[in-house]
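Use the sequences and the hints to build the structure in full.
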Amino acid sequence: GRSGAALTLLLRSPQVQPAFVPRRGATGERWEAADAAAVPVLLPSAGSWIPSPAPQDILYRSGLCRKLRAGKPGATLDFARQLGHFFVDHPEDAFGSLGRLLHKNFYLGNAKLKRPARNNTIRMTALVEDIDRLEARRGCPRQQLASRLRWFSHLCRDWLFEVPLGLLADCLHEELTQQWSSLLFDDSLTGGALAWLPPKDGGTPVGCLVHPGGQAMNHLYFQDVVLKELPHTRGSPAQFELSGRIRQVAAARVDGQDFVGVRSDYHCGVWRVPAKRGAAPAPLQVIHTDVPASCLTVSPHLPGELSVCTQSGTVYLWSVETGLQQLRHDPQTMFFRDHSPWRWSDFTSHPRVLSFADRTGLQCLDARAPKKCHFDLFKVGEESGCQQGERVVLPMYLGRAHPSQYLVTTQFSVYVLDERLPLVPVLKWAHMMKAPPLFAHLMPGKPGRSHKLLLGASRTQELLLLQYRDSFWGVSSGGSQSACQLAGTPQRLHDIAGCLQHLPTQLPHRHHLLQQRLSAPAAGLAATLQEDEPHKSMLIFQLSEAGDVFCQRLTHKAAEPPAPPSRDEATTAPMPSPAAALWYRRWLRALSRACKEPPRHTWPPSLSQRRLFTRRDLEGPAGPSSLQRQMRQRLRQAMREGGRIQGWEPLALQPSPLPQTLELAGGPDPLSTRLTAAWAGDWEQWWEERTSFSVAQRQRALRERRRRQKRAQGRRSLSASFTSSLTYQSELSELSDVGPSLLSPGRPPILSQEGSPPAGSPPVRSPPPSPAPDEALLSSQSLRYRGIPKERRKTLRDYLSVWAEGPPEPPEPPGSQASQLCFPSSQRHLSPAPPPRRKRPRMGF
Amino acid sequence: SSNEHKLNFKKSKEACLSYIQDALLQKQWKRAAEFLTCYVESLEKDYSREHIGPSEMIWRIGTEILWHHSQSSMKEFNCFMEQMKTLGVKRYLKVCLEHVFHLLCNGQIDEAYQNLSLAESWRFGEQTAIQDKEMKLIQAYRGLLDYCSWSKQKNILLEHGEDGFADLAVEQEMHGFFRKAAVNLKEIIKIPGVWDVFVKCYVDLLEFYGDHNEACQVLNEYAYNSKFPANPNAHVYLYQFLKRQGESKKSLISALKILHDIVPSHELMIDFNTMLQKSKKRKKRRLGLEVIFAALDYAGWKENAKAWSCLARQVKQIVISEKHLDWIKQEWNSRKDWWPAFHFSRYLAKRNWQENKSLSYEKGLVAGILLGKDCKYFKYVSHQGCKAQLKRFRMLKKFVTRHNSAYLKISG
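Each protein sequence line maps, in turn, to chains A and B. Each residue of the first sequence is one higher than the last, beginning at 1 in UniProt numbering. Each residue of the second sequence is one higher than the last, beginning at 1 in UniProt numbering.
The hints are all genuine.
Heads up, simulated DSS-like pairs for lysine-lysine below, C-alpha to C-alpha not over 25 Å straight-line: (1) K227(B) x K379(A); (2) K257(B) x K371(A); (3) K379(A) x K133(B); (4) K276(A) x K350(B); (5) K13(B) x K434(A); (6) K336(B) x K371(A); (7) K350(B) x K446(A); (8) K11(B) x K434(A); (9) K10(B) x K434(A); (10) K75(B) x K27(B); (11) K373(B) x K409(B); (12) K536(A) x K27(B); (13) K372(A) x K257(B); (14) K446(A) x K357(B); (15) K446(A) x K306(B); (16) K434(A) x K30(B); (17) K446(A) x K302(B); (18) K557(A) x K27(B); (19) K372(A) x K336(B); (20) K376(B) x K276(A); (21) K276(A) x K379(B); (22) K227(B) x K372(A); (23) K434(A) x K27(B); (24) K30(B) x K557(A); (25) K379(A) x K190(B); (26) K409(B) x K329(B); (27) K329(B) x K372(A).
Here are a few chain A residues that sit away from chain B, every Cβ distance over 10 Å (derived from the structure): (28) S52; (29) L98; (30) D130; (31) H154; (32) Q178; (33) Q179; (34) F185; (35) Q223; (36) P281; (37) V286; (38) P370; (39) H512; (40) P576.
Calculated directly from the structure, the hints in this document are not laboratory data. Backbone N, C-alpha and C define an ideal beta-carbon position, used for all residues, glycine too.
Okay, here's the thing in structure tokens:
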């Protein structure tokens with residue numbers, strides 16, 4: 001499609017022969033995909049990805065409902081189901097204290113209650129049956145509430161709940177609507193969380209990819225990438241752990257140094273990557289905001305300058321040296337009323353003038369006098385020929401292509417604006433993308449060549465390549481700024497999901513999981529142009545919400561006549577190159593390793609005998625020793641003779657060491673004691689003693705631990721709010737060490753350590769019984785984090801405590817395990833950031 | 001039920017559209033064309049109330065395909081366009097205009113002119129405001145083509161005029177073109193908007209026939225009417241016109257002053273500064289300093305050697321005369337917190353030295369005066385210059401050291 005005024009004519013030179021040039025030039029550079037699909041750049045990291053909720057998770061589905069609302073637009077949120085999920089998933093928070101109080105008064109058995117008990121106990125089984133019946137009749141228009149249920153709910157609605165039901169419902173409803181709106185359009189990702197730091201001058205082309213990772217997407221990685229036919233990583237990345245999910249990564253190069261700004265909801269940080277090659281990135285500063293930040297851009301003009309916007313409509317100029325300067329604060333939108341709290345800001349050709357955007361348009365503010373000096377750059381309205389309902393989605397300064405040009409994308413169109421001629425777009429094009437373009441990346445062309453602009457959408461993973469020329473008129477001061485030309489037709493590029501068909505065939509359920517992972521919404525976009533080599537090429541990186549980074553290469557084709565139709569109309573997908581196919585296999589292997597699901601039948605936990613006996617213990621002697629042979633011979637001889645053996649002492653040999661002496665030497669080794677007892681024949685008695693001892697010891701240990709835990713929790717709850725993310729992380733990394741993921745909900749907690757040593761590693765040499773479980777592993781808080789239901793936590797704790805020998809170690813002070821914490825604690829205490837919540841797809845909003 | 005059928009039809013329509021889009025974005029023009037022929041069926045039941053209806057879709061997509069399809073010909077394109085014109089009455093003029101553009105880009109000026117004339121005579125019911133505007137555009141483009149013909153005749157006449165041969169018929173024809181062009185061009189530039197090409201052509205016509213007053217009025221209106229967008233080109237045209245007319249320095253300066261206020265980063269600011277520096281009036285010279293400082297604020301001017309030499313010249317003048325150091329001081333005050341990092345970093349000193357010695361000379365001078373002889377930029381540049389035994393740089397070093405007091409005054 002073309003926009004209405006696509007072919008506005010421009011008269012090249014009225015004095016001479018008239019020549020008309022279309023606004024949409026037919027000739028652009030030809031770029032062709034080098035491979036059949038995008039190829040992964042990074043291997044998937046350990047730990048399974050938790051997909052964000054899908055529409056079917058929070059929408060109401062019922063035949064009745066569909067019938068009632070047929071034809072009506074909009075969606076109904078399944079509020080009741082979510083409230084039910086909350087009660088089931090968080091019983092402690094929902095009914096904790098009263099549940100404990102009434103614990104004895106509720107009877108869950110099937111038998112009839114006897115007289116004395118009936119006075120203060122009610123039988124819940126009937127109620128549960130009623131509920132089940134109700135569930136079965138759901139959708140029946142004539143359903144009648146069972147009187148018993150009505151009676152019960154009437155009786156306890158007001159006091160049973162820990163949080164008053166009305167309040168809880170309000171909160172849940174608010175959260176649900178927010179979830180739904182972010183499902184429809186999640187603008188927190190605007191700008192994208194992927195940045196490419198181009199190679200430093202000279203030497204091998206090694207750039208740096210800055211991307212988020214980890215299960216909570218709260219780790220920031222600086223990964224060196226060598227640009228070759230297929231780019232590959234070099235060395236291990238510099239890694240930083242942040243206290244929130246990374247929403248945006250922005251970068252700019254000033255004076256040879258890269259400045260990388262990172263935005264999470266309540267924190268923004270800036271890193272510097274020095275000009276020297278191989279120098280480590282260094283965190284410079286962090287700011288904390290009370291309202292979520294919606295934008296962070298890095299100045300292309302001055303080192304260490306950024307602009308920050310918060311959702312309330314405040315824009316700051318942030319300088320690492322001088323701190324924050326508030327430029328504007330206005331909760332209202334600029335040109336007309338719009339409900340969206342999203343705000344954006346970027347730099348302009350003047351280092352002291354910043355742009356400020358909301359959904360209705362763009363303004364430029366002078367930081368030296370922000371109240372007085374400002375002008376409108378773009379308005380959603382007639383001047384730009386906007387459609388009804390059109391809104392600004394992403395503004396971007398195009399300074400690297402032309403110092404005074406600006407890009408504005410809306411859900412329908414792309415506009416290029418010139419600061420010198422504000423309000424009148426110098427280029428407009430209807431992009432026809434299915435989802436609004438949240439990401440854009442500019443690759444400036446050398447003089448005389450077209451600039452390349454990439455647009456990316458999040459939900460649909462769409463990627464479009466546009467080319468434009470900023471001034472093809474070529475007159476320097478003839479007053480020709482408004483000339484801007486779209487070169488060639490826009491081109492669709494591969495998305496991540498497209499590589500699915502090139503991956504080896506999987507089992508159906510694995511295929512489904514893979515599909516889910518590959519079609520996760522895109523979260524960022526970066527690209528680089530390599531122009532110096534003989535074959536010009538373009539590398540495009542795309543990040544998905546699952547943390548995968550895929551890359552595709554486009555090669556430049558010299559202007560040839562249009563390709564023959566046979567090639568042009570190729571509908572069958574070409575096969576990926578062998579190198580790409582190899583990469584796919586490697587990536588798949590790593591993926592299946594990273595999110596390996598332990599088979600279900602391992603529950604209940606089976607104990608490996610390898611735990612009880614080391615291999616050396618189990619290893620029998622290679623053959624009967626000479627002593628044994630001698631003894632056997634003597635035994636046989638004695639039997640034949642019908643006599644008996646007086647003493648075992650061999651005549652010619654040293655007396656063999658007796659088990660007793662061994663025990664004395666070895667000390668109280670349980671295995672040895674047991675064997676000795678068995679040897680002596682009083683094994684049964686030993687077992688009796690052992691069990692009674694261990695029960696007593698276990699009880700003691702448990703009591704001790706509970707006391708300790710209570711103390712620790714008291715301490716913890718105070719600091720939990722600002723250290724939780726940290727402990728959470730350290731626990732996560734612990735978990736990844738253990739191997740099988742304990743995080744996925746609904747899976748029984750399995751702590752079989754069998755799987756942990758990778759095949760081929762030396763056998764575990766820990767003495768039996770297995771080492772005492774980590775204290776952190778047992779704390780109820782950490783168990784809750786792992787998604788282990790409360791009723792199972794005790795079982796697990798008790799089970800684990802069997803292995804505990806002696807009093808457990810006091811808990812580690814939280815934080816000592818954190819690798820590199822970047823957001824300084826001094827910032828954190830200002831107002832505690834909410835701990836990162838893991839959002840499970842169906843439960844616990 | 002019929003309702004369901006409608007829904008399904010709508011769904012398949014959408015699916016078809018997405019296939020077309022898919023094909024277009026992959027440059028599979030033939031496939032797109034095949035899908036488009038299916039999509040034509042959607043015209044059958046066009047109940048849509050969307051912003052862009054199916055008929056408009058077909059027009060836009062069809063144009064796009066024919067524009068790129070390797071086997072399409074101009075004849076086919078014209079045929080398609082004629083069909084599209086009859087498809088929607090409301091869009092008739094728009095389609096006509098687009099058709100004309102296409103013809104023009106293919107060099108078929110005469111056909112384009114015919115189409116414009118046809119469109120102009122088209123009437124349908126009562127004209128809406130939009131149609132009115134589109135009609136004006138059609139007339140304007142016809143005016144533009146008339147102007148082109150006029151310009152051609154004029155060139156013939158001028159060539160033959162040198163030979164002493166004057167063709168009365170050609171001259172008559174030329175004047176006819178002038179009249180037709182002038183009427184239409186005059187109309188379009190009355191409507192608020194950006195009409196650079198039309199204004200330029202109209203002024204050219206007027207100037208040729210010596211109607212300078214009218215030309216001046218048109219340009220002034222175009223530049224100063226507040227209903228028009230703030231268009232820097234309008235001021236440039238006015239300035240160029242005044243210059244051609246040999247107007248006084250004063251009026252030239254006032255024209256450029258307004259351009260400076262709108263777009264401080266305009267290319268003409270160098271001319272403006274040179275003009276002001278030469279002025280005898282203190283106020284003007286002061287303005288000149290302001291203008292060049294303001295221009296150098298912009299990223300696009302960072303490496304403009306000409307601009308830096310303008311600033312260096314003026315700063316040098318002021319320092320030598322030791323008068324008006326306060327001017328520099330005042331300009332510097334609002335910039336001293338960011339210019340050092342923006343212009344005078346060590347990195348830039350190195351790069352400027354490597355890429356453009358004369359730029360680094362001019363910048364070095366300014367840096368030396370504004371930031372003193374210890375500033376990184378000046379130190380690097382003068383050191384390199386002296387090492388390379390360039391006389392200019394040795395002089396520069398001497399000059400800055402001698403006038404270190406000026407730095408103290410500016411920064412103090």
